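Q: Sequence:
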Amino acid sequence: MEFNIGPRMVKTGLAVTLTLIITGMLGLKLEIVAAIAAVIAMQPSIMRTYDYLKEVVISNSVGSVFAILGTLLLGNHPLSVGAVVIISIAINIKLGLNKTVSLTVLTIVTLMLANGAGEGISILYIVQRLSLVTIGVLSALITNVLVFPPDHQKNLFKIIKKASEKTNFLLRVIPNETMNVPQMKEEDQQIEKLINDAKNYYEIISDERNSLIIKNKLSFLRNIIIYKHMIQVLIKKHTLIIELEKNMKEIETIQEHKAYLINKLVKEINNYSENIVLLYENKIILDKDLQKETKAAMQVTINNLIEELQGSEFDKWTFVFPIANSIVELFFELDKLERLVRIKEAKENKN
71 MEFNIGPRMV KTGLAVTLTL IITGMLGLKL EIVAAIAAVI AMQPSIMRTY DYLKEVVISN
131 SVGSVFAILG TLLLGNHPLS VGAVVIISIA INIKLGLNKT VSLTVLTIVT LMLANGAGEG
191 ISILYIVQRL SLVTIGVLSA LITNVLVFPP DHQKNLFKII KKASEKTNFL LRVIPNETMN
251 VPQMKEEDQQ IEKLINDAKN YYEIISDERN SLIIKNKLSF LRNIIIYKHM IQVLIKKHTL
311 IIELEKNMKE IETIQEHKAY LINKLVKEIN NYSENIVLLY ENKIILDKDL QKETKAAMQV
371 TINNLIEELQ GSEFDKWTFV FPIANSIVEL FFELDKLERL VRIKEAKENK N
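Residues are numbered in my numbering as their position in the sequence shown, beginning at 1, plus a constant of 70.
Derived by calculation from the structure, the hints in this document are not laboratory data. Since the structure is predicted, the reported quantities are computational estimates derived from the model, not experimental observations. We put the CB at the ideal spot given by N, CA and C, even for glycine. There may be inaccurate statements among the hints.
Stated by the list, open to error - Straight line, CA to CA, 27 Å or less: simulated DSS-like cross-link-like pairs of lysine-lysine: (1) Lys124 to Lys236; (2) Lys420 to Lys263; (3) Lys236 to Lys269; (4) Lys334 to Lys414; (5) Lys406 to Lys269; (6) Lys358 to Lys334; (7) Lys316 to Lys231; (8) Lys255 to Lys319; (9) Lys228 to Lys353; (10) Lys414 to Lys353; (11) Lys334 to Lys365; (12) Lys255 to Lys269; (13) Lys124 to Lys269; (14) Lys231 to Lys353; (15) Lys298 to Lys319; (16) Lys298 to Lys353; (17) Lys420 to Lys358; (18) Lys334 to Lys232; (19) Lys231 to Lys124; (20) Lys365 to Lys232; (21) Lys224 to Lys236; (22) Lys287 to Lys269; (23) Lys337 to Lys287; (24) Lys164 to Lys228; (25) Lys316 to Lys236; (26) Lys406 to Lys337.
As the list claims (entries may be wrong) - Derived Cβ-Cβ restraints for the label pairs, each shown as a range: (27) Val127 to Ser276: 19 to 27 Å; (28) His147 to Ile295: 49 to 57 Å; (29) Lys263 to Leu143: 44 to 52 Å.
The task is simple: from the sequences and hints, build the whole structure.
A: Following this line, the structure appears as structure tokens:
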């Protein structure tokens, strides 16, 4: 069994430690509330933690008002606490404050339990209880900024590259039928998971666009546009893989020449995909004229495949067309990606 301790786990632990130290120094009771707030507030990016803090201020203000009114009007009976929690959650969701519902509930329960503890609600008590949540959230933000600040561009590209390598591998072996079905399904599932991870991570990196700590913002923006198109390429490649798995055997039984054209196209487009990633990493120099010739050759092959289909029976189209369509869509997505990578390369060379 694997046992990995990632940066986010370490940061969460440090945020809790910092929270307990601060609450201890201030002599605040119920420090567990602050610790829970620190755990909940730890987000995967600095900007998300900052946005979370802003949302906490609004949602906790709403929760505090309802907690005070609920205690004064209804008391602190469990049913009263539950009713106030329900109303407060409904209002927070209506205001679009979905992320901080847990902390709002925590604040309400903490404030409404005052009378039960025999303390009564006073201004000092309210300030102390709200301070617990604030300290927890601020500790999470400080830890996220200072400890293991995430390099989201590097992390996202790692995921994209890993997924790209797996798709390239499958596109090489499927036409040759050198992999058994169970293993192929397992590879498909891994690729699908990596693509979903890349999509989720892209959302995180998009949040960083407004971060004040980005050194070269123009370069950052160019990169996230490229990553967006890289993810689109991965989606198109995965679609092509699925269509090849479903239809390649039937195509080979219909006519060998069509299978040959498809295999040739898949090989060329796979090499094209690998070269673009290597170009982005500055590991190779792609001659533009040579690339134009390669792309022209691919277009000729695509046209030949379409001509081969002219006059064919409908059942042949049902097997060949999904693959041909996936190849065409992938080709144009790769062409767009290459242009973006070359623009980035030209801009960096000027600087």
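Q: What hint numbers does the structure not satisfy?
A: 1, 2, 4, 15, 19, 23, 24
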